[in-house]
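A.B. asks: Chain by chain, the residues run as shown.
2 protein chains.
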Amino acid sequence: MFRTHTCGELRQTNVGQQTTLAGWVQRIRRMGGMTFVDIRDRYGLTQLVLNQDVNAELFDKANKLGREFVIQVTGDVALRSNINPNMETGDIEILVFDLKILNESKTPPFTIEDNTDGGDDIRMKYRYLDLRRNSVRSNLELRHAIAFETRRYLDKMSFLEVETPVLIGSTPEGARDFVVPSRMNLGQFYALPQSPQLFKQLLMVSGFDRYFQIVKCFRDEDLRADRQPEFTQIDCEMAFVDQEDVLNIFEGMMKHLFKFVKNIEFADAFPRMTWADGMKYYGSDKPDIRFEMKFVEVKEVVSGHNFVVFDSSPYVAGICATGCAGYTRKQLDELTDFVKRPQIGAKGLVYIRCEADGTFKSSVDKFYAPEDLKLIAAQFNAQPGDLILLMSGEMRKTQKALCELRLEIGARLGLRDKNVFAPLWIIDFPLFEYDEETDRYYAMHHPFTSPMLEDLPLLKTNKGAVRSNAYDMVVNGVELGGGSIRIHDRAVQQEMFHHLGFTPEKAEAQFGFLMSAFQYGAPPHGGLAFGLDRLVSLFAGLDSIRDCIAFPKNNSGRDVMMDAPAVLDQSQLDELNLEIKPLTTKGE
Amino acid sequence: MFRTHTCGELRQTNVGQQTTLAGWVQRIRRMGGMTFVDIRDRYGLTQLVLNQDVNAELFDKANKLGREFVIQVTGDVALRSNINPNMETGDIEILVFDLKILNESKTPPFTIEDNTDGGDDIRMKYRYLDLRRNSVRSNLELRHAIAFETRRYLDKMSFLEVETPVLIGSTPEGARDFVVPSRMNLGQFYALPQSPQLFKQLLMVSGFDRYFQIVKCFRDEDLRADRQPEFTQIDCEMAFVDQEDVLNIFEGMMKHLFKFVKNIEFADAFPRMTWADGMKYYGSDKPDIRFEMKFVEVKEVVSGHNFVVFDSSPYVAGICATGCAGYTRKQLDELTDFVKRPQIGAKGLVYIRCEADGTFKSSVDKFYAPEDLKLIAAQFNAQPGDLILLMSGEMRKTQKALCELRLEIGARLGLRDKNVFAPLWIIDFPLFEYDEETDRYYAMHHPFTSPMLEDLPLLKTNKGAVRSNAYDMVVNGVELGGGSIRIHDRAVQQEMFHHLGFTPEKAEAQFGFLMSAFQYGAPPHGGLAFGLDRLVSLFAGLDSIRDCIAFPKNNSGRDVMMDAPAVLDQSQLDELNLEIKPLTTKGE
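Chains as they are written, first to last, in this note's numbering: chain A, 0 to 587; chain B, 0 to 587.
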């Protein structure tokens, strides 16, 4: 037993008791003949006191301690003369009479404080030290709490957690698989699952009724800030349900998490929005509805004024930035530059200032008379002091750009408070997504998503208009999860594969076992999956998922701490019967 | 909403209510103008009744149903005239007035009953049907309960579940790694973890204090009945602990699981046995102590009687099989054949019958006079009616063979009841294990295990005698888990690598980041890992772990249902810059 208490535990009620603590030296302050040491563990900080007059030897020992030394101390709990209200243990201090150094520490390469001086690279290389920082560790405590409460809710709702295999077969559709060469079956490979989709559907065929799993999934994609090659899903599936049942259960789950993890209660049902409305009013299938600022389409009103940009655009829409009429030229230029960035790719931005005196000032005064501008402003219900921002072009592209602008304005206006949560269901997704490049329709969700019955006739005439029983859970503009009611009829599934351009042979080769399973009494079923990493980073108020992952990889997919991936021993390659081809250089 | 109740829910109190159920047709019985259909879901069975006189059309529809059809029925809950006490819903039946076929089913390739007619191969190919069987599904329900209760206990004990990466670096020591080629770092490979050992130790360095994870681990080994290429560990680690702290916490966990999952309470502390005693008295580091039948060493007593087999053996020991003196010649021959099997490899077996009349009859009467046999029997405290079985030879080999014999006798005597659980801690493991083939010492547990302080002087003089702070949890002869107090001192860890034959360069290359972490204030720490698959199969009374895994692999590491592993598309290999070498045939 190395300790009787943790470093976050002692209070006024413990005064007079003897205690033994163990932890890390956070800081040392010497004040005359007194030395104060803050000792830290996961649970908190406690102040230790050493008095030269009482024990000079111990006092000297304490003064030789360094930051991050691991120590064990025994002493008496005493009331502080200067109570520190900022520390949970701030009422007390320990009058130390025994001090043991359990392990020494070199000076860490960066300071172990909430606001560290360490850059990203050094923090990742020494991740085990970075994880000592309260801010990083508390994200992982939050992650534990979210996963635990998720399980508690789903268990209560009769869901069974079933582990599905990690070594599975490769299905080259969709994102790229990570593959694993098999030594027992030379020349053959396993793949790591991008999701347990097929297995959870099979579990429904098996009658498991309610399945979930908090499970690692893998995608060999080029990485972005919010992507990791391995990520964690809360994966769920239910049998004998329609969309309403699924939404109810998982709205319940989100409310449970908000309540038990964030202490936020949502009394009302979460709002629902069709995908079509999401695009129309927010230019997004994951609108941030912490603030309104809906898109207003003004093509009709702005046309016919010889402004060729608008006249030639199939789509003209804008937003009204409340109270922003005072934006300076510089601020407006910034916004223009913002939408012109390659990531957004807009050509420009038209503004209309609704001045306090009721007049209008715009960047297109040449084309629009004051009464025209007034008419436009009326579409937005704009008030004096507001700023209207208009964009135009091809519809989807412009909506996407305007969405980014809306979020930027929302941020500038402080309307995107990380402590405010606005959950939302997006429903009625299109079944297919058209890809110009390959001139082909793809499944927007995945090939197992059930079309809406009433849209079935459109399958042959207007694929793009067919809606699906798919849904996403969106909070604050982040897609936390999504799913669908699945096809459970073999013939419908075959037709869907056909519409997606699969030959019967290819469908059989990739999904034969699912199609076979559908012959033996597959129940109606549906489900969804939440991204745990995103959920944690949302709850933690993080911008990237990286700091809610204990040992993340960098943008090249590397673990810089353990220096992985790495070259293998030749013997390992030989056992797998593999050869690495020489890298061909350009020009060869 | 497809149903108002599940098929296991309705009771007498529901009589008179209208209900809608959905599920699978388990069986259909026609009795005159009445048809009875048992409808099944995960929660149970309910009897449906259709009466030709009431609704002839519906009656006909019901008679056309096949096994495993998925149906939805609505009807009134009625009291049964013949109550079925073997069914939880046996008090009631449903007078059906609406029946809808949700999906049809072909005749399954084997019967979906507890005792199926399906062989292993067909059951694995159609695993999704096999999982419909109550006996298989209940194993997975048990697995869910064990995992959930494990988490509940550990959460209560302030453990944090932290996910460690699946794509890590390869450490070719130990078992073979599965590897994953990296596309973003061509020519380099990730490995799949054999355990999160290094990560959990780093988390202790990070101050996480109490870590756990229920986590998939991977070993590319040739498979046996109780091995799978992917398996699940309950992996745990604690800081500022000694062995006693770890044993207490995890004895508590086992008691919690027995109580909340099996409804078995253990009031007393689990017994503890040193590794040396395990070998001496049971010939095993995982003794089954559901029954006594300890080994008795008799080398001294049996020597000097011109029986060259015993005289030339360094070790002679035996067991006393209570009440087995009546074993026939045939039974004794069976036992001799049993120990002579290649898996056990003993040369023979000597028996001494302690007859009811106080005389002795043995297979070595030629060498031992009645008074000699009496003296031997006295060593065992054998009573009239008992049977003494003796084996001899090299100590470890003979102990191992005698252990198998003891288990066999125990089984024959019905002393290995699957509903009796005898937990046990094995402690004081040797630090090293000598391997004759390579003439080298290996770490018995792993290279991070702390030696016992008092044995440190032996490190240079008698490696084999150095004990470690390692421990195993054994129940009914199954090693459920094990762990150790770890080395937290860099110098000691370096010395250990040296003793294990690592060059400093190799140690640095493989474990550099751990050695580096030890420089920055590593706390004393220790932990253990439980095999979840074994724990579930023990609780379920299974002989193999396979039936507590939803989608297991066969002995060739294949998933026969989805036919994985498989050959890759050439384009996938090209992207990874890999080439499969042509298989060389023998003689080339």
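Mixed in with the good hints there might be a few duds.
Note: identical chains are not told apart, hence a pair may lie in one copy or across any two.
Cut-off 27 Å, straight-line C-alpha distance, at most; resulting in silico cross-link-like pairs (BS3-like, lysine-lysine) [said to hold, decoys possible]: (1) 105 <-> 293; (2) 360 <-> 459; (3) 339 <-> 215; (4) 417 <-> 105; (5) 99 <-> 360; (6) 360 <-> 417; (7) 124 <-> 505; (8) 105 <-> 580; (9) 99 <-> 298; (10) 105 <-> 505; (11) 155 <-> 462; (12) 254 <-> 462; (13) 459 <-> 365; (14) 459 <-> 155; (15) 329 <-> 399; (16) 254 <-> 365; (17) 346 <-> 60; (18) 459 <-> 60; (19) 285 <-> 329.
Hints in this document: simulated from the structure, not taken from any laboratory.
A.B. asks: Against each hint, give a clear statement of whether it holds in the structure.
C.D. replies: Hints, verified against the model:
Taking the shortest alpha-carbon separations for residue 105 and residue 293, neither the intra-copy value of 56 Å nor the inter-copy value of 53 Å comes in at or below 27 Å. Taking CA atoms no more than 27 Å apart as the test, residue 360 paired with residue 459 passes in neither setting, with 50 Å inside one copy and 89 Å between copies. In the homo-oligomer, the alpha carbons of residue 339 and residue 215 never lie at most 27 Å apart, since the shortest distance is 38 Å inside one protomer and 47 Å across protomers. Proximity of residue 417 and residue 105 under a CA criterion of 27 Å is satisfied in neither setting, with 37 Å inside one chain copy and 54 Å between copies.
For the homomeric pair residue 99 and residue 360, neither the shortest alpha-carbon distance inside one copy (74 Å) nor that between copies (66 Å) is at most 27 Å. In the homo-oligomer, the alpha carbons of residue 360 and residue 417 never lie at most 27 Å apart, since the shortest distance is 34 Å inside one protomer and 86 Å across protomers. In this assembly of identical chains, the alpha carbons of residue 124 and residue 505 lie at most 27 Å apart only when taken from different copies (20 Å versus 45 Å within one copy). For a Cα distance limit of 27 Å, the shortest separation of residue 105 from residue 580 qualifies neither inside one copy, at 43 Å, nor across copies, at 49 Å.
In this assembly of identical chains, residue 99 and residue 298 lie within 27 Å of each other by CA distance neither inside one copy nor across copies; the values are 77 Å within and 51 Å between. In the homo-oligomer, the alpha carbons of residue 105 and residue 505 lie at most 27 Å apart only across protomers (23 Å), although the nearest pairing inside one protomer, at 59 Å, exceeds that limit. In the homo-oligomer, the alpha carbons of residue 155 and residue 462 never lie at most 27 Å apart, since the shortest distance is 41 Å inside one protomer and 53 Å across protomers. With identical chains, the CA atoms of residue 254 and residue 462 are never at most 27 Å apart, being 36 Å at best within one copy and 59 Å at best between copies.
Taking the shortest alpha-carbon separations for residue 459 and residue 365, neither the intra-copy value of 48 Å nor the inter-copy value of 94 Å comes in at or below 27 Å. Taking the closest pair of Cα atoms, residue 459 and residue 155 never come within 27 Å of each other, the shortest separation being 44 Å inside a single copy and 57 Å across copies. Taking CA atoms no more than 27 Å apart as the test, residue 329 paired with residue 399 passes inside one copy only; the shortest distance there is 24 Å, against 85 Å between copies. For the identical chains of this complex, residue 254 and residue 365 are neighbours neither inside a copy (52 Å) nor across copies (82 Å), given an alpha-carbon limit of 27 Å.
Neither within a single protomer nor between protomers do residue 346 and residue 60 lie at most 27 Å apart by alpha-carbon distance, with minima of 68 Å and 66 Å respectively. Neither within a single protomer nor between protomers do residue 459 and residue 60 lie at most 27 Å apart by alpha-carbon distance, with minima of 83 Å and 33 Å respectively. In this assembly of identical chains, residue 285 and residue 329 lie within 27 Å of each other by CA distance neither inside one copy nor across copies; the values are 30 Å within and 77 Å between.
Of the hints listed earlier, those the structure fails to meet are numbers 1, 2, 3, 4, 5, 6, 8, 9, 11, 12, 13, 14, 16, 17, 18, 19, in rising order.
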